[in-house]
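S.K.: Take a look at the letters that make up each chain.
There are 2 protein chains.
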Amino acid sequence: MTDTVAFRHLVRATRSVRRFHEDRAVERQALVELIDLARLSASGGNKQPLKYVLSCAASMNARIFPCLSWAGYLKDWPGPRKGERPAAYIVILGDTAIRADCDRDLGIAAQSIMLGSTARGLGGCMLDSVNRRELRRILGPLHGLEILLVIALGTPREEVVIETVGPDGDIRYWRDERGVHHVPKRQIDDIIVASYSD
Amino acid sequence: MTDTVAFRHLVRATRSVRRFHEDRAVERQALVELIDLARLSASGGNKQPLKYVLSCAASMNARIFPCLSWAGYLKDWPGPRKGERPAAYIVILGDTAIRADCDRDLGIAAQSIMLGSTARGLGGCMLDSVNRRELRRILGPLHGLEILLVIALGTPREEVVIETVGPDGDIRYWRDERGVHHVPKRQIDDIIVASYSD
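Heads up: the protein sequence lines correspond to chains V and S, in order.
So that you can map any letter, position 121 of the first sequence is 120 in numbering that gives the first Met the number 0, and since no number is skipped, the others follow by simple counting.
So that you can map any letter, position 182 of the second sequence is 181 in numbering that gives the first Met the number 0, and since no number is skipped, the others follow by simple counting.
Which copy is meant is left open, because identical chains are indistinguishable; a pair holds if it fits in one copy or across any two.
With a straight-line cut-off of 25 Å between C-alpha atoms, the simulated SDA-like cross-links for lysine to any residue are:
1. 46 / 12
2. 74 / 163
3. 46 / 127
4. 46 / 146
5. 46 / 175
6. 46 / 182
7. 184 / 102
8. 46 / 180
9. 74 / 97
10. 74 / 183
11. 46 / 189
Worth flagging that the hints you see were computed from the coordinates, not collected in a lab.
Model the full structure from these sequences, guided by the hints.
M.R.: In C-alpha cells, the structure reads:
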C-alpha cells in the first residue's frame with residue numbers, strides 16, 4: 000500500500016467507536032497482530048517502554064468493563080449495554096523504569112493499533128477514564144508497570160461521522176435521534192499557524 | 000484499503016529516516032494533506048489542541064535545520080550533510096490553553112503524519128532534541144503555543160532495517176559500514192505481559 004488516497008480513507012474510517020457487536024469474537028491472534036503493529040512503530044530514543052495485556056475472554060472482559068467510563072460528553076448515556084460491549088481489550092502499560100513519561104510513545108502505539116483495527120474490519124476506542132486502582136486489582140501484580148490506557152475493540156455497531164467545528168468553537172461530540180455519533184473537527188485553516196513555501 | 004497485510008507493510012516501511020534527497024522537493028500541498036491526516040485522527044476528549052507550522056522553503060529550512068539534533072546514539076555522526084538534509088518540516092505546536100499536556104495527542108498525530116508520508120513515498124523523522132528557544136525566535140510570535148516536536152521530511156536516502164533486541168537488552172540503533180541503519184526492536188513475547196482468551 001503506497002496509496003495516499005487509500006491511507007486517507009483508512010484514517011477517516013478510524014473513528015472512536017463505543018458500541019459493538021459483542022457476539023462477534025475477536026481472536027487472540029488478531030490482538031497479537033495489532034500489538035505487533037505497535038511494536039514496529041517509532042519510540043522515542045527507541046526505548047520501547049510499552050507493554051500490553053490482551054483480553055478476548057468473556058469472563059475477563061466482564062471484569063474489565065466496569066472499570067471504564069464512556070463518552071464524557073454524552074451525559075445521558077452510561078456506556079454500551081449488554082450485547083453492545085467490546086469483544087476484546089488491549090491494556091497498554093508503561094514501564095516507568097525504562098521511561099518516566101510514556102505518553103508520546105503511547106499515542107504512536109495506540110494510533111497504529113486503531114488504524115490496524117480498522118484495516119481488519121474492527122473498530123475501537125481509546126479509553127483514558129479508567130478506574131486504574133480497580134483494574135490493577137483485577138490484572139494482578141504488574142511489577143512496576145503503570146496502566147496508561149485501555150483500548151476497547153470489536154465489530155462496530157454504530158455510525159460515526161465527522162462534522163466541522165462551528166464559529167462557537169464547541170468541540171463536544173453528540174448523538175442524534177437516529178443514534179449516529181457526530182464528531183466536530185477543527186478546520187484545516189484553523190490549525191495551520193504558518194506556512195513557508197518557495 | 001481494508002487490507003491487514005498492506006497496512007502491516009506500511010507500518011514496517013515507516014522507519015525514522017535521517018538522510019534525504021534534499022533536491023527532491025516536497026510540495027506545500029503534500030504537507031497540508033499530511034496535516035489533514037492528523038486533523039482527522041483521534042484527540043483526547045476531542046479537544047484538538049495541536050497546531051502546525053509547515054516549511055518547504057529552502058530559506059526557512061536552512062534556518063530550522065541548525066535547531067535540530069540528530070540520532071543521539073550515533074556519536075560520530077553530527078547529522079545529515081548538505082544535500083542530504085530534509086526537504087520539508089512540520090513543526091507541531093500545542094495550545095496549552097486548550098490542554099496542558101498534549102503528548103498523547105501528539106503521538107497520535109505524529110504517527111498519522113509519518114504513516115501518511117510513507118504512503119506517498121516520503122520518509123521522515125520525529126525530532127524531540129530541538130533548540131526550542133532558537134526555533135521560537137525563528138518562527139516569531141506563537142501566541143501561547145508550545146513547540147512540541149519537529150518532523151523532518153523528504154525522499155529517503157538511506158536504508159533502515161529492523162533487528163531484534165538481544166539478550167543484553169541493548170536498544171541502541173547503529174549504522175553499519177555500508178551506511179545501513181539498524182534498529183533493534185523488542186520481541187513480541189517480551190511486550191505481552193498477560194493474555195486472556197477463551
